[in-house]
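Asks: Sequence:
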Amino acid sequence: MGSRNQEAWLLENGNNNVNHKGLSKEMRHGRTAHNMSSSSMRKKSDLTIVTKLRSGLLRNILVNIQEVILGTKLSVLFPAIPLAVVAQCFGFARPWVFALSLLGLTPLAERVSFLTEQVAYYTGPTVGGLLNATCGNVTELIIAIFALSHNKIAVVKYSLLGSILSNLLLVLGTSLFCGGIANLRQEQKYDREDDEEGDNASEEAVIGFWSAIAWLVGMTVLIALLSEYVVQTIEDASDSWGLSISFLSIILLPIVGNAAEHAGAIIFAFKNKLDITLGVSLGSSTQISMFVVPLCVIVSWILGIKMDLNLNLLETVSLAVAIVTTAFALQDGTSHYMKGLVLILCYVVIGACFFVQRIPFNQSNVTNVTLKPATEAAFTA
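All the letters of the sequence shown, read from the start, carry residue numbers 61 to 441 under this note's numbering.
Since the hints were derived computationally from the structure, they do not count as laboratory data.
Quantities reported herein were computed from a predicted structural model and do not represent experimental measurements.
A virtual CB, placed ideally from N, CA and C, is assigned to each residue, including glycine.
Careful: at least some of the hints might be erroneous.
[Claimed, not checked] Label pairs and their computed distance ranges (CB to CB):
| hint | residue 1 | residue 2 | range |
| --- | --- | --- | --- |
| 1 | M398 | K331 | 12 to 22 Å |
| 2 | L190 | V281 | 20 to 30 Å |
| 3 | T194 | G364 | 18 to 28 Å |
| 4 | G302 | D392 | 39 to 49 Å |
| 5 | L190 | I125 | 22 to 32 Å |
| 6 | W361 | I273 | 25 to 35 Å |
| 7 | A274 | L355 | 18 to 28 Å |
| 8 | G364 | K331 | 19 to 29 Å |
| 9 | G393 | F330 | 13 to 23 Å |
| 10 | K331 | E264 | 17 to 27 Å |
| 11 | F150 | K331 | 41 to 51 Å |
| 12 | V357 | M398 | 37 to 47 Å |
Construct the entire structure; sequences and hints are all you get.
Replies: Here you go:
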């Protein structure tokens, strides 16, 4: 315990060359596929100038800012966060608030994964795995809770269903397709031991434990703020853009909210590391279906809101098709770009169905379904 505190002190005071050989193998390799996927979107920070500062407090602040804010390739999207707040406070067009909030959620979701991983280095694999299960889908969870508080049951159902469909079909399909094209002359198999041993051996924490906790709390607050903006403005965006609530919730929200995780899965597929890709897509879908969805039902019961999982025919069929198609694509333990193409086309067909579907939005539930051509819907919105 003392050595762990010493490592945290060294990290907080600008010394990043901490020796982690004393840690157990489980702690050094206790990262989940979700964390490893997000790590591909990170970039190495140059701390040469920062470490020369004499002031320990100033050095600590600058190291944290450089690692947390600038340590990701998605840092260019951070300005969308204050822009969304300004647009909301000064009454700009609400569809702009919706778009800026979605863009701001993208780097925040990736940074939460990074900070969860940093905390796991000090707490061990058990607590780290529990923390990852809680924070891995924090964006979807917070959006669902705010939608419940505004009695928008349809948004809750659609956003969670969309996350499952996106992970099973879009993320996995794009990864298999890109990985198959990049490795045409090489047979792609799922070999977990090779992937994990190659990537985790040299990883180490870059910020201290309490700094990671503080940043994690701050990022969660920002996600909650932007999620509230998304829930408040989704109807205005639907009316302005001529898109249905179901399309925005099932297709747009999951794609933008998990863009960093999705991109990481595709990058690992290019490197022929399909186990990480499978861990991201299937693991995230499992977390949503087995943790987030039941938790939302419990929260709705606590809030006194009647929420069930009674989906319409199109949603039910879409989920069944996604599960069956994914199962058949993975049953032989090998990958091919044609399998990925089938999954992508399946997702495109499902997305097209929700694009032309016009569902009257009711804050208590969704009952009646009518179909209109997309062009007519755009003119009448």
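Asks: Now tell me, hint by hint, if it's right for this structure.
Replies: Right, here's what the structure says about each hint:
A hinted range of 12 to 22 Å for the beta carbons of M398 and K331 is consistent with their spacing of about 20 Å. For the hinted restraint 20 to 30 Å between L190 and V281, the CB-CB distance of approximately 21 Å keeps it satisfied. Roughly 24 Å separates the CB atoms of T194 and G364, a value that falls within the hinted 18 to 28 Å. At roughly 43 Å, the beta carbons of G302 and D392 sit within the given window of 39 to 49 Å.
Separated by about 28 Å at the C-beta atoms, L190 and I125 satisfy the suggested range of 22 to 32 Å. Take W361 and I273: their Cβ atoms lie about 30 Å apart, and the range 25 to 35 Å holds. For A274 and L355, the hinted distance range of 18 to 28 Å is satisfied, since their beta carbons lie about 25 Å from each other. A hinted range of 19 to 29 Å is violated for the C-beta pair G364 and K331, which are about 49 Å apart.
A beta carbon spacing of about 20 Å between G393 and F330 agrees with the range 13 to 23 Å that was offered as a hint. Roughly 21 Å separates the CB atoms of K331 and E264, a value that falls within the hinted 17 to 27 Å. Evaluation of the 41 to 51 Å hint for F150 and K331 yields a pass: the beta carbon distance comes to about 45 Å. Range check, V357 to M398: Cβ separation about 38 Å, and the 37 to 47 Å hint holds.
Hint check: a violation occurs at hint 8 only; the rest are consistent with the structure.
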